[in-house]
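**Student:** So you can see what is in the structure, the chains are spelled out below.
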Amino acid sequence: MKTLQWLTVAGILSLPLIAYSGQDSSSESAAGTPAESLRSAQDFADINNEEKRSAAMFEELGKVIQHPRCMNCHPAGNQPLQGMDMTVHEPPVERGPANFGTPGMECNTCHQSENVTLAAQAKDIKSVPGNPKWHLAPIEMAWVGKSLTQICEQIKDKERNGNKTMEEMIHHMAKDDLVGWGWKPGEGREPAPGTQKSFGELFEAWVHSGAHCPSA
Amino acid sequence: MIAFTLNNQTIQFDGDPKTPLLWVIRDRAGLTGTKYGCGISQCGACTVHVNGMTKRSCVTPVSTIADQRVTTIEGVDGKEANAIHTAWIETDVPQCGYCQSGQVMSAVALLKQKPNPTDEDIDGAMAGNICRCATYQRIRQAIHTAAQQMEESE
Ligand code: FES
Ligand code: FES
Numbered sequence: 001m002k003t004l005q006w007l008t009v010a011g012i013l014s015l016p017l018i019a020y021s022g023q024d025s026s027s028e029s030a031a032g033t034p035a036e037s038l039r040s041a042q043d044f045a046d047i048n049n050e051e052k053r054s055a056a057m058f059e060e061l062g063k064v065i066q067h068p069r070c071m072n073c074h075p076a077g078n079q080p081l082q083g084m085d086m087t088v089h090e091p092p093v094e095r096g097p098a099n100f101g102t103p104g105m106e107c108n109t110c111h112q113s114e115n116v117t118l119a120a121q122a123k124d125i126k127s128v129p130g131n132p133k134w135h136l137a138p139i140e141m142a143w144v145g146k147s148l149t150q151i152c153e154q155i156k157d158k159e160r161n162g163n164k165t166m167e168e169m170i171h172h173m174a175k176d177d178l179v180g181w182g183w184k185p186g187e188g189r190e191p192a193p194g195t196q197k198s199f200g201e202l203f204e205a206w207v208h209s210g211a212h213c214p215s216a
Numbered sequence: 001m002i003a004f005t006l007n008n009q010t011i012q013f014d015g016d017p018k019t020p021l022l023w024v025i026r027d028r029a030g031l032t033g034t035k036y037g038c039g040i041s042q043c044g045a046c047t048v049h050v051n052g053m054t055k056r057s058c059v060t061p062v063s064t065i066a067d068q069r070v071t072t073i074e075g076v077d078g079k080e081a082n083a084i085h086t087a088w089i090e091t092d093v094p095q096c097g098y099c100q101s102g103q104v105m106s107a108v109a110l111l112k113q114k115p116n117p118t119d120e121d122i123d124g125a126m127a128g129n130i131c132r133c134a135t136y137q138r139i140r141q142a143i144h145t146a147a148q149q150m151e152e153s154e
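Chains A and B are the protein sequences, given in the same order. UniProt numbering applies: residue 1 is where the first sequence begins, and numbers increase by one. UniProt numbering applies: residue 1 is where the second sequence begins, and numbers increase by one.
Next up, chain A with everything else stripped away, as it sits in the complex (with noise of 0.2 Å):
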C-alpha cells in the first residue's frame, strides 16, 4: 500500500517537473540581483529636438514595458504566459470572462495576494507570484507581438489603455500596486530594470515632453 501510494506520488510529481522544465531559470537572476538600471530623463537632456527627446524616453521605458515580468500578463491571446522564455502558463489556465480565469479556476486559486516562496522543494520555481489585482490585462492592452512604436500608441489611446486620461496613466504606472508587481516579482524571478519609481518619473517626463513615440 505504502509503495502504491509512494509511486502514485511520483506520477503526480513527474508531470509538473516536465512543465516547469521549460523554463530556463539560469536566465532569472536569485533573489536580491541588483536589476538592469533604467535611465533618468536627465540623461535624455542633450537630446535637443523635443521629438526625438521624447521618443527616445519611450525607448528606455520600453525596457520596462517590453520586460517578460511585464509582458507575460499582457498577452495577445487567452493565456497568460510565464518565465523569462515568455513559455505558455502552467497549468493551462484560461483569461475568462472577467480576465481572472475560468469557473473553478480562478486567478486566485493559485496565486494569494502576496508573493509565496515554496514550502514544497521543486527544481526551477521558488516562489507563486502573487498581488491583492492579480490578474490578465485586458485583451485591448494586448502588447505580446507589438512593436514598441505599436505599444506607444496604444497607451495614448483611450479605447485601449482603460479609458485613462494621460495624467491618469502617469499615476497608473507610478502608482499602482500590480504594476508594481514587475519589481518585486518573488523569489527566483527577474525585477524589471529599474524601480517602479524612476520608471514612474521617466514616464511622467515622456508625458510632458509631447509623448512623442519611436517612429516604426
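These are computed hints drawn from the structure, not numbers from a lab. The reader is advised that the hints may include incorrect statements.
As the list claims (entries may be wrong) - Chain A side only, calculated, beta carbon under 7 Å to chain B, not exhaustive:
| # | residue |
| --- | --- |
| 1 | Gln42 |
| 2 | Pro91 |
| 3 | Met105 |
What the hints assert, rightly or not - Partner residues aside, some chain B positions facing chain A, computed with beta carbon under 8 Å:
| # | residue |
| --- | --- |
| 4 | Thr54 |
| 5 | Lys55 |
| 6 | Arg56 |
| 7 | Thr60 |
| 8 | Ala109 |
| 9 | Leu110 |
| 10 | Gln113 |
| 11 | Lys114 |
| 12 | Pro115 |
| 13 | Asp121 |
| 14 | Ala125 |
| 15 | Gly128 |
What the hints assert, rightly or not - With a straight-line cut-off of 27 Å between C-alpha atoms, the simulated DSS-like cross-links for lysine-lysine are:
| # | chain 1 | residue 1 | chain 2 | residue 2 |
| --- | --- | --- | --- | --- |
| 16 | A | Lys133 | B | Lys114 |
| 17 | A | Lys156 | A | Lys126 |
| 18 | A | Lys146 | A | Lys164 |
| 19 | A | Lys133 | B | Lys112 |
| 20 | A | Lys164 | A | Lys184 |
| 21 | A | Lys123 | A | Lys197 |
| 22 | A | Lys175 | A | Lys197 |
| 23 | A | Lys184 | B | Lys18 |
| 24 | B | Lys79 | A | Lys133 |
| 25 | A | Lys175 | A | Lys158 |
| 26 | A | Lys175 | A | Lys63 |
| 27 | A | Lys158 | A | Lys63 |
| 28 | A | Lys156 | A | Lys146 |
| 29 | A | Lys123 | A | Lys164 |
| 30 | A | Lys133 | A | Lys197 |
| 31 | A | Lys63 | A | Lys146 |
| 32 | A | Lys126 | B | Lys114 |
| 33 | B | Lys18 | A | Lys123 |
Beta carbons: idealized from backbone N, C-alpha and C, even for Gly.
Let chain A serve as the given structure and place chain B with the ligands on it in line with the hints.
**Tutor:** What follows is chain B with the ligands alone, placed relative to chain A:
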C-alpha cells in the same frame, strides 16, 4: 494565533504563519482526504474551498486564510456536492483515487457557478487537476450527469 473555520469547526493554529494550509489540514486537524501531489500548485490534488472558491492549499500560507471559511472533501455539502457524489459513484470515476478529492472540489466549485457547464467550461475548471490514471473522460461524463441530476430535481 491564527483562527479559521474548517468544515464548520474553529481551528486555532499558533505555528509559523507561513505554514501551508495543506500542512495544517492534514497534520494539525488530521483530515487526510486532501492530498499532497506536487506542492507547487501544478497538480490540484490539494484543492479545497475558501469561502466557496477553489484554493490550492499547498501554496496558501495559513496566515492568508485567517477568519476565512475553509471546506475540504470531508465537509463539502449542498446540492452540487450531493449531485457530484452520486454521479461519481454511478460513473465509477476513480481509478487509484489519489487525485479525486481535488477533482471533486473543483467540480463542485464549477457547478456552483455554472450549473449546466459546457465541455469548454469543464476544461476550464478542471485544467489544473491532473489525474495520472487519466480518468478525464469519466470526470467529464460525471460532471454532465451531476448537472443533469440537479436540473431534474429542481
Ligand atoms: S499539491 Fe497542491 S497543486 Fe499539487
Ligand atoms: S484516479 Fe489515479 S490519479 Fe486520478
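**Student:** So which of those numbered hints doesn't the model satisfy?
**Tutor:** 1, 12, 17, 21, 24, 29 and 32
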